[in-house]
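Novice: Make a model of the complete structure from these sequences and hints.
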Amino acid sequence: MVSFASLVQLRKPSLRLVLVVPFVLQVALAVGLTGWISLRNGQKAVNDLASQIRTQVAQQINDELKTYLEQAMLVNRINVNAIATAMIDLKRLSSLEDYLRQQLKEFNTLNSVVIGTEKPDYIGLGYNDQDRSLLYFSVWNPKAKGTLDWQIDAKGNRSFLEKDISYDHRTRSWYQAAVQAKRPIWSSIDVSVTPENLILSASHPFYDTQGNLLGVVSSDLGLGQISQFLSSLKIGKTGQAFIIERDGLLVATSTHELPYRVKQRSSDLARTQSLERIQASESKNVLIHKTAQYLRHQWPNLRQLQQPQQLHLEINGERILIGITPFHDARGLDWLILTAIPEADFMETINANTRLTIALCVVALGLTVMVSILLAHWLIQPILNVVDQANTLSLGQWDTQLSEPLSRELTLLTCAFRRMAQQLQTSFASLQYRASHDELTGLLNQSAFRSKLQQTIQEYDIAAARVGADPSTFAVLFLDLNDFKLINDSLGHLVGDRLLQTVAQCLLTCLRATDTVARFGSDEFLVLLSPLPEKTVAIDITERILDRFQAVFQVDSNGLFTSVSVGIAYYDQYSTQVEELIRNADIALYRAKVNPQASYEVFNQDMHAQVVQQLQLAIDLKHAIDRQELILYYQPIIDAHQLQVMGFEVLVRWQHPTKGLLSPSIFIPIAEETGQIVEIGGWILRQACQQMQRWQLQFGNVYPMTVSVNVASKQFLQADFLAQVYEILMKTGLPPSCLKLEITETSLLKNKATILRKLNVLKASGVQISIDDFGIGYSSLSYLAQFPIDTLKIDRFFTQCLGTIDRSGEITEVICLLAKKLNLTVIAEGVETAEQLEKVQLMGCDYVQGYYFAPPLSVQEAELWLSGQGLARR
15 MVSFASLVQL RKPSLRLVLV VPFVLQVALA VGLTGWISLR NGQKAVNDLA SQIRTQVAQQ
75 INDELKTYLE QAMLVNRINV NAIATAMIDL KRLSSLEDYL RQQLKEFNTL NSVVIGTEKP
135 DYIGLGYNDQ DRSLLYFSVW NPKAKGTLDW QIDAKGNRSF LEKDISYDHR TRSWYQAAVQ
195 AKRPIWSSID VSVTPENLIL SASHPFYDTQ GNLLGVVSSD LGLGQISQFL SSLKIGKTGQ
255 AFIIERDGLL VATSTHELPY RVKQRSSDLA RTQSLERIQA SESKNVLIHK TAQYLRHQWP
315 NLRQLQQPQQ LHLEINGERI LIGITPFHDA RGLDWLILTA IPEADFMETI NANTRLTIAL
375 CVVALGLTVM VSILLAHWLI QPILNVVDQA NTLSLGQWDT QLSEPLSREL TLLTCAFRRM
435 AQQLQTSFAS LQYRASHDEL TGLLNQSAFR SKLQQTIQEY DIAAARVGAD PSTFAVLFLD
495 LNDFKLINDS LGHLVGDRLL QTVAQCLLTC LRATDTVARF GSDEFLVLLS PLPEKTVAID
555 ITERILDRFQ AVFQVDSNGL FTSVSVGIAY YDQYSTQVEE LIRNADIALY RAKVNPQASY
615 EVFNQDMHAQ VVQQLQLAID LKHAIDRQEL ILYYQPIIDA HQLQVMGFEV LVRWQHPTKG
675 LLSPSIFIPI AEETGQIVEI GGWILRQACQ QMQRWQLQFG NVYPMTVSVN VASKQFLQAD
735 FLAQVYEILM KTGLPPSCLK LEITETSLLK NKATILRKLN VLKASGVQIS IDDFGIGYSS
795 LSYLAQFPID TLKIDRFFTQ CLGTIDRSGE ITEVICLLAK KLNLTVIAEG VETAEQLEKV
855 QLMGCDYVQG YYFAPPLSVQ EAELWLSGQG LARR
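For the sequence shown, this note's numbering begins at 15 and goes up steadily by one.
No lab work stands behind these hints, which were simulated from the structure alone.
Do not take every clue at face value.
To be verified - Pair ranges (Cβ atoms, derived):
1. MET744 with GLN800: 26 to 36 Å
2. PRO134 with ASP112: 20 to 30 Å
3. LEU711 with GLU852: 54 to 64 Å
4. GLN446 with VAL377: 16 to 26 Å
5. GLN66 with GLU176: 51 to 61 Å
Yeah, the Cβ is synthetic: ideal placement off N, Cα and C, and Gly gets one too.
Specialist: Structural data, given as structure tokens:
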């Protein structure tokens, strides 16, 4: 007998229909709407895509033009600056020829570089063939009253071409244009016969300090490379791009057609060949020809086109999409960038996409029907099982196992709850892990380390009370990475984070299974060494860590070198509490960082008072510059053979108000640790350059001198260091060649790529580079080949040991021989006796420095010394 409830249930729609029909209808509607929209918007997609491509191509061309054209102006600025700073001498033709040849080599887009003056001096160097293997060299000869021209082949062989007495560069368009404009300017495009090319000249006038015209520097660009760039662009399938001037003359095209034509030829091509430019409307390419004609029809005066335009025209019934983009240059260029793309290039893809869309819609609809039927069956059956199991449970049968096959849905529900419980348990465990571990390295954090340390203290106290004798002890190591901030700032936080992860893994490999390591802060780590049968075990482990940090850490593609300082605190009568252990280890770490001879220190009771004194010195040092407490001394650098002063090394002292005159060995480590070395180093560099410029004006005609300034690695790796050097040189007026920057060997190993880039820039500007204390640090022949170094300074240790320690003389002699092979000069530091001077002279040292000649001198003493009294007794 069927109940009323059963009848009501039978009249309701099947759940299968409820699941399948609406779902299929929705999908069918979505699929149909998608297909209809795809068909309807096909043409719009073509227009949008074409517009996007035209805009992108025009932008690419615009960016390439700016980059390409700027090179000529850049070379002109470099040459004008070189003339103004006397880095090049127009009278020294051989060195000037080498200088221009190097420029053509470095800026391979240039065809030629010329310098002409009002006197009229003139020198020009340029390529005479397409493959850039032949150079022509032209120079004004006063005796000949004209220019003399040579041709130079790839092997450097010269052959005289001609003497041209009619050539006067001051009458040339490139010269006149710059003189009249009184600023950098482009000349009109010219056609070169040898080699065949369109030539655009960038001219830059230069003046003396009173504003009188001295001459003009000009660089020629071949515009053929612009056509090559246009040819490399993908503009649809058959689209073309070209550039014209406002008078319609072709500048460059993406076709293989030349933007000029040959009017006449004879047997002597170099003399009688005549070329002329062509109008875009004369192009043999149909797209360019028709587009140019259409443009002239729409705008008879092309100068009216000042805004980007997107147009279309019909060619033989085919729709052509045109893009016009004006290209302006503040130095006189006014071009039009044009793109012409047949609409058919896009329709094939659009039609194919439309057919594919319809096919996919049909397939998707069929799959939807099939999947929905299967899905409905898969959903309904488990629900029915759950209903049956629920009825069973409603009868009070609580011992029913929901995991039985007869209650599949309820089993799934139970599993879902179980999974949820497991996820909650996992989430809770994850929260606990995050609360106790550093997210970046996976090591314990400060809080967890303190808890672990407190637990260890309690265990040792209990063990000591139970046994009745002192048990084995334990120790806390406080580690800090040196120069990590520089790595972080120069290479980015991502590299810094990966370095910390690498260091964390490195520490784990150096420790025992019973030891604990934690990340304390940014680049600081704590290590708990427990147990320690003897205190020397902590030293052994520390030295193992330090040895590991001698190697280069490979982080992604960067080879990074970072050292580590370690402070050690033992669990003893002075360190019995958590905070005491950490504080004392931190104090020992501080001592290790300010002591250049130590990589680790063990805490003792005297350190606390010493650290307080160091902190007070650090506070006083912050005001040393403002209070004018820093004093510069100058130690002469002497020519080892002529015994004439060649320059000075700058040394700094601190006149402390209460402690007297302090050596740099006392306060420089503090400055490096606190970061004040950057400000102090900048002050020293500025003062030294100012003083040397005064001496150059006072004594320069007698002593052409340089000033050597020590630069710390933190100062050198500052992002604005190069700008700071150039600003100081500009404001003080000191020539770059009179400045010599001294860096240590270990500085070269920190961020090699950045160091090399900055050294190359400094070297190119004329600043000299010296390696200080050569031979006592990380001496590697590889960096002598990699880095642009001028001078090696042999450490005073080797000089002092000449004749007293075996092989010191041989080492010094080898350094001198190596330097000569590498065209480096050598300075021997610490020469204090005539015997030492004689030995380093015989070994080939170029310069010497030491108390034998003079101690570090004040400004007044140095001026007296320079007046001739200093070397009188020598």
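Novice: Work down the list of hints and note, for each, if the structure agrees.
Specialist: Taking the hints in turn, this is what the structure says about them:
For the pair MET744 and GLN800, the supplied restraint of 26 to 36 Å holds, since their beta-carbon distance comes to about 29 Å. The hinted range of 20 to 30 Å is satisfied by PRO134 and ASP112, whose Cβ atoms lie roughly 23 Å apart. As the Cβ distance of LEU711 to GLU852 is approximately 35 Å, the hint placing it in 54 to 64 Å is violated. Checked against the given bound of 16 to 26 Å, the beta carbons of GLN446 and VAL377, roughly 50 Å apart, lie outside it.
Checked against the hint of 51 to 61 Å, the C-beta distance between GLN66 and GLU176 comes to roughly 54 Å, which is consistent with it.
Checked against the numbered hints above, the structure breaks hints 3 and 4 and satisfies the rest.
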